[in-house]
Amino acid sequence: MAVTGILLMLFLIAHMLGNLKIFTGETAFDHYGHWLRDVGTPLLPSTWFLWIQRIALLVAVLGHIAAATVLALRARAARPVRYAHRKPVRGSYAARTMRWGGVIILLFVIYHILDLTTGHLNPQGDSSNPYGNVVADFAPERWYVTLFYTLAIVALGFHLRHGAFSAFRSLGQQTPRGERRARAAALVFAVALCAGYLAVPFAVLTGLVA
Amino acid sequence: MNLTLRIWRQPGPEDKGRMVTYQVDDVSPDMSFLEMLDVLNERLTLSGEEPVAFDHDCREGICGMCGLMINGDAHGPQRGTTACQLHMRQFSDGETIDIEPWRARAFPVIKDLVVNRGAFDKIIAAGGYITAPTGSAPDAHATPVAKADADAAFESAACIGCGACVAACPNGSGMLFTAAKLTQLSLLPQGQPERYTRVIGMVDAHDEAGFGGCTNAGECTVVCPKGIPLNTIGRLNRDYLTATAKGGGTPGS
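Chains A and B are the protein sequences, given in the same order. Just so we're aligned, residue 31 is where the first sequence starts under the working numbering, counting upward by one. Just so we're aligned, residue 167 is where the second sequence starts under the working numbering, counting upward by one.
Hints listed in this document are in silico derivations from the structure and should not be mistaken for laboratory results. There could be a bad hint or two in this list.
[Unchecked claim] List time: in silico DSSO-like cross-link candidates among lysine-lysine, alpha-carbon distance up to 30 Å:
{"hint": "1", "chain 1": "A", "residue 1": "117", "chain 2": "B", "residue 2": "277"}
{"hint": "2", "chain 1": "B", "residue 1": "277", "chain 2": "B", "residue 2": "412"}
{"hint": "3", "chain 1": "B", "residue 1": "288", "chain 2": "B", "residue 2": "277"}
{"hint": "4", "chain 1": "B", "residue 1": "182", "chain 2": "B", "residue 2": "277"}
{"hint": "5", "chain 1": "B", "residue 1": "392", "chain 2": "B", "residue 2": "313"}
{"hint": "6", "chain 1": "A", "residue 1": "117", "chain 2": "B", "residue 2": "313"}
{"hint": "7", "chain 1": "B", "residue 1": "313", "chain 2": "B", "residue 2": "412"}
{"hint": "8", "chain 1": "A", "residue 1": "117", "chain 2": "B", "residue 2": "182"}
{"hint": "9", "chain 1": "B", "residue 1": "313", "chain 2": "B", "residue 2": "182"}
[As the list claims (entries may be wrong)] Computed far set for chain A versus chain B, every beta-carbon distance over 12 Å:
{"hint": "10", "residue": "50"}
{"hint": "11", "residue": "54"}
{"hint": "12", "residue": "62"}
{"hint": "13", "residue": "67"}
{"hint": "14", "residue": "75"}
{"hint": "15", "residue": "77"}
{"hint": "16", "residue": "87"}
{"hint": "17", "residue": "111"}
{"hint": "18", "residue": "124"}
{"hint": "19", "residue": "139"}
{"hint": "20", "residue": "145"}
{"hint": "21", "residue": "153"}
{"hint": "22", "residue": "204"}
{"hint": "23", "residue": "212"}
{"hint": "24", "residue": "214"}
{"hint": "25", "residue": "224"}
[Unchecked claim] Computed Cβ-Cβ distance ranges for the label pairs, DEER-style:
{"hint": "26", "chain 1": "A", "residue 1": "201", "chain 2": "B", "residue 2": "373", "range": "17 to 23 Å"}
{"hint": "27", "chain 1": "A", "residue 1": "112", "chain 2": "B", "residue 2": "208", "range": "28 to 34 Å"}
{"hint": "28", "chain 1": "A", "residue 1": "96", "chain 2": "B", "residue 2": "245", "range": "34 to 40 Å"}
{"hint": "29", "chain 1": "B", "residue 1": "245", "chain 2": "A", "residue 2": "184", "range": "27 to 33 Å"}
{"hint": "30", "chain 1": "A", "residue 1": "112", "chain 2": "B", "residue 2": "256", "range": "22 to 28 Å"}
{"hint": "31", "chain 1": "B", "residue 1": "407", "chain 2": "A", "residue 2": "41", "range": "19 to 25 Å"}
If you're wondering where the values come from, they're calculated on a predicted model, not measured in any experiment. Just so it is clear, CB atoms sit at the ideal spot from N, CA and C, and this is done for glycine as well.
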């Protein structure tokens, strides 16, 4: 869980920084979008590096889901008779919603790829103009897309808040002071990532990016 | 105080159990939770019914025998307290209290509220000891131990093995118990020779017993009557990573 999770977190950081380039203008953002396909050239043929990244991410996602499934199945098997009276988990809301949160994020990622990578669910769907796709996607009249996107990002934030701390712990974070630091770092990371991802749709919604 | 109790009744390991409602009147707020159950059992015995079976021994909060899920809380609503040290003043007059046994595949119900915690013994047998003969208690300063290590080891050694961590864990994991029994040794000089075979053996025994995996949810440490901290599991994780990187060896050898 921890190793695949960290790979995915590194991707999330890179993806967020890329998204924020939208504030540098249409030409720069489109240029960045096209550059993503050419990273690694001339060492590798065009789009090869992109596909290597995609395969690595897919392996990480599948590994992450496989590990989570094993844990969930073990948890179910470990308590065959359920409690008649059970309080909800008090550790944290984030820890309690890891599994369902993960499913929501997976569904969102599928939608997100069909929307802004392949363009099938995008109102513009022009792969040569990613800036236009984003602006068309989060247009004020498509408020429900922005709402769904926001909910998914908030779910991601909760997932990261527990996930980042849990990754530190799984990899051997062991002192009480370190635990406080790890929890604080996970919270800051989750909030920063949420803010970075939500900046784009709300900038489009308010007309800051048009 | 007058209370309504809903108690899990199960005649034997293979029988089907159910929640049965009892009325207990004239309960003193100064009674412990187990004394309140004693009052109920006396009444049941007098009326020719089967008394409710529950585990208990020292009733001082140090033996680890008692363990009840009270209204969905392992050992009841008061933190850092075993069921025997919980007083009825924590409840209000007229309240309905649900009492269930620990629920885990590794802890099968023997009767009513009594579960078999033999799985914990298997974890200990897989490495929760040192093989060097230690003789009688050595002089306190014969083997120097850093104060911070001694404190952390002592904190882990406070574990009474009651099983509340397993009962509360959303995954049914016994990792807090395993980690406590591991770190009380791995932090001290006497525990070093078998440090890395111990962790592999104990974690394997934990998994074989049918406990779930830890997801760092932190429920265990909330209900632990001895306040074993969650970072104890981090110490276990670090030892486990080191042991697997080193290639371990045979547990106990």
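Let me make sure I understand: some of the numbered hints might not hold for this structure. Which ones are they, in numerical order? Result: hints 2, 6, 9, 17, 18, 22 and 23 break, sorted rising.
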